[in-house]
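**Student:** Start from the sequences, fold in the hints, and give me the full structure.
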Amino acid sequence: MQALLNTLPRAIPRAEITGLVLAGGEGRRMGGLDKGLQDFAGQPLVAHALARLAPQVGTVLISANRHLDAYARFGCPVLADASADFHGPLAGLLEGLRAAPTPWVLCVPCDVPTLPADLADHLGAALLHHGGRIAMAVDGGGRTQPLFALLHTGLREPLAAALAQGERRVEAWMRSQGARCVGFESTEAFRNLNTRAELALPGLELRPMIEADLPGYKTLRDAMLQAFPDAFVSDEATERQRSAASYATRLPGGAQGACLFSLVAMHRGRVLGAVTVEREQRGKKCHIAHVVGMMVAPEWQGRGIGRSLIEAALARLRGQAGVEIVTLSVTSSNAAATHLYRQCGFVTYGRLPRAIRVDHARYEDQDLMQLTF
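In terms of the working numbering, the sequence shown is numbered consecutively and its last residue is 388.
Quick caveat, the hints were computed from the structure, so don't treat them as lab data.
Treat the hints with care, as some may be off.
In silico lysine to any residue, SDA-like type, Cα no more than 20 Å apart, as pairs [as the list claims (entries may be wrong)]:
#1 Lys300 / Gly272
#2 Lys233 / Gly268
#3 Lys233 / Thr253
#4 Lys233 / Glu251
#5 Lys233 / Thr264
#6 Lys300 / Ala273
#7 Lys299 / Leu332
#8 Lys233 / Gly308
#9 Lys300 / Gly337
#10 Lys233 / Lys299
#11 Lys233 / Gly181
#12 Lys233 / Ser261
#13 Lys233 / Ala259
#14 Lys300 / Thr342
#15 Lys300 / Ser261
#16 Lys233 / Phe247
#17 Lys233 / Arg222
**Tutor:** Next comes the structure, spelled out in structure tokens:
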């Protein structure tokens, strides 16, 4: 019996698998840059993905929707999306299924430089053991990773039909086709790099703030109030008396439901930067959101963390139904911050003179800025 088990296939042969690197997309959280071509640790992001993927498959394709010549320099056939309207990863996946010379396609995103070296083996073994035509990864934190998937090319027609009907959700479509979920121990191996700051500072992570981050958030805010008292309406002496728990108002649903989310820039367990987005609650104004509490630790400024936080916040806001206008206010004398916001698309619509009383004899004006989606 054991001898028979030893003869059973434990993985799909690599010669039967085509690797597909998904390099399309608008790069919203990276200011519209083509993410796969951005430098990370001395070479473009897509080069890292190719190096990790190639040993696991027989041949490799790249799916892209711009800068096709640049991607062709990596020595792999480049597939252009049939549509120029950024229909999302499913459109690139369809082109890969159509072009693949093998029965199976292993797809990965271009922005994960540490993707698992045993991705094909684990996904393939699950399909051989349990049956099915799709297997997608689940990381060590229990989160599904549908862009790390092994698919049979026989799914071309079902996918084409779904796209024609307006489907754009990768995981939803895969589940509709009976996808198998395959667990992996690592979470870090699946972490994608979405912002310029993450590229420039390896180990930096931009993510939603959670309750466990509140002590670090308070530490950062206290330091900012001390270093830049002119930039905040709140005063240092009062805010230092606040507990870390009191900043739970900046978690989703806080501030009587107004807080949509806060993002933090984390590096080695430390909060280096943060930004909060709130939404108007009154019915006639709920199309307006406000950026508040934008800050980056003084010694970490000038590294793109602030811009990455704003771009990430705007990318999340574009997915919020009904939000049409985003506003913020900035101390008029803070030229660097004003320049950053303008680069991100904000325009000045007014100025409030003497908006901040720094002390009994000195005031600061505030510029009022907005961005319209």
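**Student:** None of the hints should be skipped; say for each whether it holds.
**Tutor:** Now for the hints, and whether the structure bears them out:
In summary, the hint linking Lys300 to Gly272 is supported, as the alpha carbons are separated by about 14 Å, within the 20 Å threshold. Simply put, Lys233 and Gly268 have alpha-carbon atoms about 19 Å apart, close enough for the 20 Å limit, and the pair holds. The hinted pair formed by Lys233 and Thr253 meets the criterion: a straight-line CA distance of about 13 Å does not exceed 20 Å. A threshold of 20 Å between alpha carbons decides the hint, and for Lys233 with Glu251 the separation of about 12 Å falls inside it, so the pair holds.
Of the supplied pair hints, the one linking Lys233 and Thr264 holds, its CA atoms being roughly 12 Å apart against a limit of 20 Å. A threshold of 20 Å between alpha carbons decides the hint, and for Lys300 with Ala273 the separation of about 12 Å falls inside it, so the pair holds. Note on Lys299 and Leu332: the hinted pairing holds, with a Cα-Cα distance of about 18 Å set against a maximum of 20 Å. Restraint check: the Cα-Cα separation between Lys233 and Gly308 comes to about 12 Å, which is no more than 20 Å; the hinted pair holds.
This hinted pair checks out: Lys300 and Gly337 have alpha carbons roughly 10 Å apart, not beyond 20 Å. Proximity of Lys233 to Lys299 is assessed by CA-CA distance (about 33 Å); at most 20 Å being required, the pair is judged violated. Of the pairs offered as hints, the one joining Lys233 and Gly181 is violated, with about 44 Å between alpha carbons and a cut-off of 20 Å exceeded. For the suggested pair Lys233 and Ser261, the alpha carbons sit about 9 Å apart, so the restraint of at most 20 Å is met.
A C-alpha spacing of about 6 Å is found between Lys233 and Ala259, which places the hinted pair at or below 20 Å, so the restraint holds. Annotation: proposed proximity of Lys300 to Thr342 holds, straight-line Cα distance about 12 Å (limit 20 Å). A distance of roughly 27 Å separates the Cα atoms of Lys300 and Ser261; the hinted pair therefore is violated under the 20 Å criterion. Proximity of Lys233 to Phe247 is assessed by CA-CA distance (about 14 Å); at most 20 Å being required, the pair is judged to hold.
A C-alpha spacing of about 17 Å is found between Lys233 and Arg222, which places the hinted pair at or below 20 Å, so the restraint holds.
Hint compliance for this structure: hints 10, 11, 15 are not met, and every other hint is.
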